[in-house]
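Residue numbers (UniProt numbering), protein chains in the order written: chain A, 1 to 340; chain B, 1 to 306; chain C, 1 to 337.
Everything labelled a hint here was simulated from the structure, so no lab data went into it.
It cannot be assumed that every hint is accurate.
A short list of chain C residues far from chain A (calculated; beta carbon distances all over 10 Å) [to be verified]:
1) THR26
2) ASP35
3) GLY72
4) ASP95
5) ALA105
6) LEU217
7) GLY218
8) ARG221
9) ASP264
10) THR298
11) LYS304
Below, a sample of chain A positions facing chain C; criterion: calculated Cβ distance under 10 Å [unchecked claim]:
12) HIS62
13) GLY64
14) PHE245
Backbone N, C-alpha and C fix where the C-beta goes; we use that ideal spot for every residue, glycine too.
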Amino acid sequence: MSEEIILDIKNLQTVFRDEDSEVRAVDGVSFSLPKGKTLGVVGESGSGKSVTALSILRLIDHPGKVEGGEINFKGKDLTKISDKEMRSIRGNQISMIFQEPMTSLNPVYTIGQQIRETLKVHQGLGKQSGNEKSVELLKLVGIPSPEDRIKQYPHELSGGMRQRVMIAIALACNPELLIADEPTTALDVTIQAQILELINRLQDEMGMSVIMITHDMGVVAETCDYVAVMYGGKVVEYADVKTLFKDPKHPYTVGLLNSIPRHDIDVDELEPIRGSVPSPKDMPKGCRFASRCPFATDLCVEELPSLDEIEDGNEVRCWIYSDRWDGDPEVKEHGPKRTS
Amino acid sequence: MFKFVVRRLFQLIPVLLGVSILVFAMMHLTPGNPAKILAGQGASAEAVANMEEEMGLNDPIIVQYGNFLYDAVTLNFGTSWKSGLEVSKEIGPKFVVTVELALYSTMLSLFIGLIAGIVSAVRKYTLLDVSIMIIALFGLSMPNFWLGIMLMQWFSIQLGWLPATGWGTPEQIILPVITLGTAGAAVVARMTRSSMLDVISQDYIRTARAKGLKEGIVIYRHALKNALIPVVTVVGLQFGLLLSGAVLTETVFAINGIGGLIVDRINARDFPVVQASVLVMAVVFVFVNLLVDLTYKFLNKRIDLD
Amino acid sequence: MAQKELLKVKNLKQYFPIKGGFFGRTVNHVKAVDDVSFEIKEGETLSLVGESGCGKSTTGRAILRLDDPTEGTIEFNGEDLLALNKKEMRNRRKDIQVIFQDPYASLNPRQSVYQILAEAMEIQNVVPKQKRRERAIELLETVGLNGDQVDRYPHEFSGGQRQRIGIARALAVEPKLIICDEAVSALDVSVQAQVLNLLKKLQREFNLTFLFIAHDLGVVRHISDRIIVMYLGKVVEIADKKTLFENPQHPYTKALLSAIPTPDPEVKKERIVLEGDVPSPINPPSGCRFHTRCPFATEVCAEKVPELKNHGFMEEGHRAACHHVDEIASGELGPKY
Numbered sequence: 001m002s003e004e005i006i007l008d009i010k011n012l013q014t015v016f017r018d019e020d021s022e023v024r025a026v027d028g029v030s031f032s033l034p035k036g037k038t039l040g041v042v043g044e045s046g047s048g049k050s051v052t053a054l055s056i057l058r059l060i061d062h063p064g065k066v067e068g069g070e071i072n073f074k075g076k077d078l079t080k081i082s083d084k085e086m087r088s089i090r091g092n093q094i095s096m097i098f099q100e101p102m103t104s105l106n107p108v109y110t111i112g113q114q115i116r117e118t119l120k121v122h123q124g125l126g127k128q129s130g131n132e133k134s135v136e137l138l139k140l141v142g143i144p145s146p147e148d149r150i151k152q153y154p155h156e157l158s159g160g161m162r163q164r165v166m167i168a169i170a171l172a173c174n175p176e177l178l179i180a181d182e183p184t185t186a187l188d189v190t191i192q193a194q195i196l197e198l199i200n201r202l203q204d205e206m207g208m209s210v211i212m213i214t215h216d217m218g219v220v221a222e223t224c225d226y227v228a229v230m231y232g233g234k235v236v237e238y239a240d241v242k243t244l245f246k247d248p249k250h251p252y253t254v255g256l257l258n259s260i261p262r263h264d265i266d267v268d269e270l271e272p273i274r275g276s277v278p279s280p281k282d283m284p285k286g287c288r289f290a291s292r293c294p295f296a297t298d299l300c301v302e303e304l305p306s307l308d309e310i311e312d313g314n315e316v317r318c319w320i321y322s323d324r325w326d327g328d329p330e331v332k333e334h335g336p337k338r339t340s
Numbered sequence: 001m002f003k004f005v006v007r008r009l010f011q012l013i014p015v016l017l018g019v020s021i022l023v024f025a026m027m028h029l030t031p032g033n034p035a036k037i038l039a040g041q042g043a044s045a046e047a048v049a050n051m052e053e054e055m056g057l058n059d060p061i062i063v064q065y066g067n068f069l070y071d072a073v074t075l076n077f078g079t080s081w082k083s084g085l086e087v088s089k090e091i092g093p094k095f096v097v098t099v100e101l102a103l104y105s106t107m108l109s110l111f112i113g114l115i116a117g118i119v120s121a122v123r124k125y126t127l128l129d130v131s132i133m134i135i136a137l138f139g140l141s142m143p144n145f146w147l148g149i150m151l152m153q154w155f156s157i158q159l160g161w162l163p164a165t166g167w168g169t170p171e172q173i174i175l176p177v178i179t180l181g182t183a184g185a186a187v188v189a190r191m192t193r194s195s196m197l198d199v200i201s202q203d204y205i206r207t208a209r210a211k212g213l214k215e216g217i218v219i220y221r222h223a224l225k226n227a228l229i230p231v232v233t234v235v236g237l238q239f240g241l242l243l244s245g246a247v248l249t250e251t252v253f254a255i256n257g258i259g260g261l262i263v264d265r266i267n268a269r270d271f272p273v274v275q276a277s278v279l280v281m282a283v284v285f286v287f288v289n290l291l292v293d294l295t296y297k298f299l300n301k302r303i304d305l306d
Numbered sequence: 001m002a003q004k005e006l007l008k009v010k011n012l013k014q015y016f017p018i019k020g021g022f023f024g025r026t027v028n029h030v031k032a033v034d035d036v037s038f039e040i041k042e043g044e045t046l047s048l049v050g051e052s053g054c055g056k057s058t059t060g061r062a063i064l065r066l067d068d069p070t071e072g073t074i075e076f077n078g079e080d081l082l083a084l085n086k087k088e089m090r091n092r093r094k095d096i097q098v099i100f101q102d103p104y105a106s107l108n109p110r111q112s113v114y115q116i117l118a119e120a121m122e123i124q125n126v127v128p129k130q131k132r133r134e135r136a137i138e139l140l141e142t143v144g145l146n147g148d149q150v151d152r153y154p155h156e157f158s159g160g161q162r163q164r165i166g167i168a169r170a171l172a173v174e175p176k177l178i179i180c181d182e183a184v185s186a187l188d189v190s191v192q193a194q195v196l197n198l199l200k201k202l203q204r205e206f207n208l209t210f211l212f213i214a215h216d217l218g219v220v221r222h223i224s225d226r227i228i229v230m231y232l233g234k235v236v237e238i239a240d241k242k243t244l245f246e247n248p249q250h251p252y253t254k255a256l257l258s259a260i261p262t263p264d265p266e267v268k269k270e271r272i273v274l275e276g277d278v279p280s281p282i283n284p285p286s287g288c289r290f291h292t293r294c295p296f297a298t299e300v301c302a303e304k305v306p307e308l309k310n311h312g313f314m315e316e317g318h319r320a321a322c323h324h325v326d327e328i329a330s331g332e333l334g335p336k337y
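Given only the sequences and the hints, what does the whole structure look like? Please build it.
Okay, structure coming up:
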């Protein structure tokens, strides 16, 4: 890959500790994002995808803590810089939008006040110029009659409109990286379509890079260039979006794709992944997915595979692709299969 | 907003009517003949009967209530049966004293309670937080007359720094206000802490941090304003309680407040003074609640007053 | 197949009053469900789909009589449920069970699985006391859990397993109809697929009838025989699964289907992105409720409520409530945006 890398995460460790337990929510996550592209981070609940996102901005609440690894953003390691420097990046060079538009805006301030606040901290804009810029931003995200909207409070807006406001706040300072944490999960599907279209359009216009955190493979397929699939706090597969859907390598990715009830084609019987996600307090020592994997061997149970590049730029964390694996030769030859 | 205030003022009418009926009924249903008490020990039956006639006690009860109501509406509460003074002159100064006492105490509660609560919430589960909460628990569980006596013991009698009794000079104000405000401060501190903790875990606080705001601004601008709403409710109620509950503190510090007056006049069956005092307290209480509601609206525009 | 109609909902209206003003008068109504009719045949799965506020869950609640409907009739097995008194309705609950979205909230955390299941059996008195334990174990195995987990408590199970317990509880009283209100929405995809497969298996085994309420059209396509699309309290389209997904006629259904992201990056499809938000059900738009967002809307749409009907050229049993179905199908009327 010859593209410029804007974000490069190496071996990130985010741990939540209390007196008697530790949860390694993010356990050695590594991935990189080329400039101007969209990276999808997918996984089910407990996979560590949201914690990864919050770790990038150092927004992990007590008792969580980033305990290791590097987050290189334009050559600067975000885990090493001062709080002050981090604040100057948040909302400015890296912005974030969240899953719940209904609760992500402060109910006691107007839309205008909340947009102006960002403009004031990072660009020193006063009330007058802040207001003008706010109106401009609301127009950009497709909110009708923005002059009136800036005087309104969040509760006067619908969920879709609030998410647009969140996007407007995020875009206020032309960020180079936008982290969208399940931005459409709480929205109805017709509104989701509007918001995804908006993010895509703005990305094209502004040349931002985007990290799209989601559990919805449909959203990934439609918005992302690259995908990191997470399971049990680790990236299990990283690939460009076409390869991932056409030729998934990790048995978990395959299982995930086989489990989706499709709206566009008929599937007689879904092929679910058996069992459920292991408890984060009690992760298996070998491959995190071994207990649910139809191909697991003793090696998989005993030893954790590493994330290795198997073809250009595409990585997978699975023993099947190593010489040491001695499971089903059929699977070894052709890999796990998608059913549809 | 204006419409709301007007409507609330209209709603005052039934509330006050209710209060007037209650207080009137209670006074007239409690045993003890005011005429007899007024006429003094050993007064002749005839004298008592004359007295009753003069005081209008022989009129049908409805007429008596009607008279009382008419007087109240015209703000003429008549004269005290006991002292013979005009009721408004009798309760006015004492009422001012009690309101002052309650007001200063509430302000103290709010000031100390808010600071303690915020610090506690921001430093949750630290030694500081635990200490504050233990102190608050003490403050809450101490009977205030006992606290008053203890304060008096230390600061007036042993150290001689502050006067033990009376009301008016700044020195005189300090001890009673601490006595009356401590429990309130504890309540406000606990309320502020739990409310702040609740708010700090909200999504919009994360949004505020993600904007790159300083932690201080996140706490004071984004969290506090939201956290204040339940606190304001408590403070409003607290003020009402202090108005009526100040009597013990007044007694301890020999303050001439309305609490003492009411107790005294209930015993003397001095209907005009008791009725007028209770009515005035009710009015103040209703106004404080109105103020609380308006503060809600100020704090959170989402609250629909209508 | 001439199947028997198990449930027949006719002209169902559910208006919730909005209190306000001086004395808490009713100042307005939320018209959550406004004149909805449909029937479910024995052994089939009928799905109600639509976005939030369309009235799909309210319809389910009305059938269970969790709310008393404002108007209409609900016939179950030929008997009008709305005419029953409380006691009779309680008995009828044996036949109509519900599985809710949140497996965490709908199980009592202080009851063991056995107690949860035995309580259901006891209320409806379907299994004699001494056989209940045996039956509970059998039920657990039916829903794919281990029989020896019968004395555990809900918190010892994962989300998917809890939903299985919810299903076992519903099955405990041998119901005829199960209403699944967003029953798999809270589950992760890999687990959701397990539960969907289970529901299908149980339906075959016990000849169950499902009323499936969901917003995920992928799930709906997988599980349903017939589908009803609702918008703002009204039915806009009803058809069998194949017809609805492959040949939708109502502009809203088309937009809804096109809005779903397809999990395949190679498929590039025409997307109809609707403008605006769903209006409030308090003062729903006049005429066709969708006219404010519809790319095809004309004057008549704002004036006249369209009738839900088969427009001749459509498959049997396929009905849509749109004035312009024919013109849109023939291409005479094009979209405005």
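Violated constraints from the hint list, given by number and in increasing order: 6, 7, 8, 9, 12, 13
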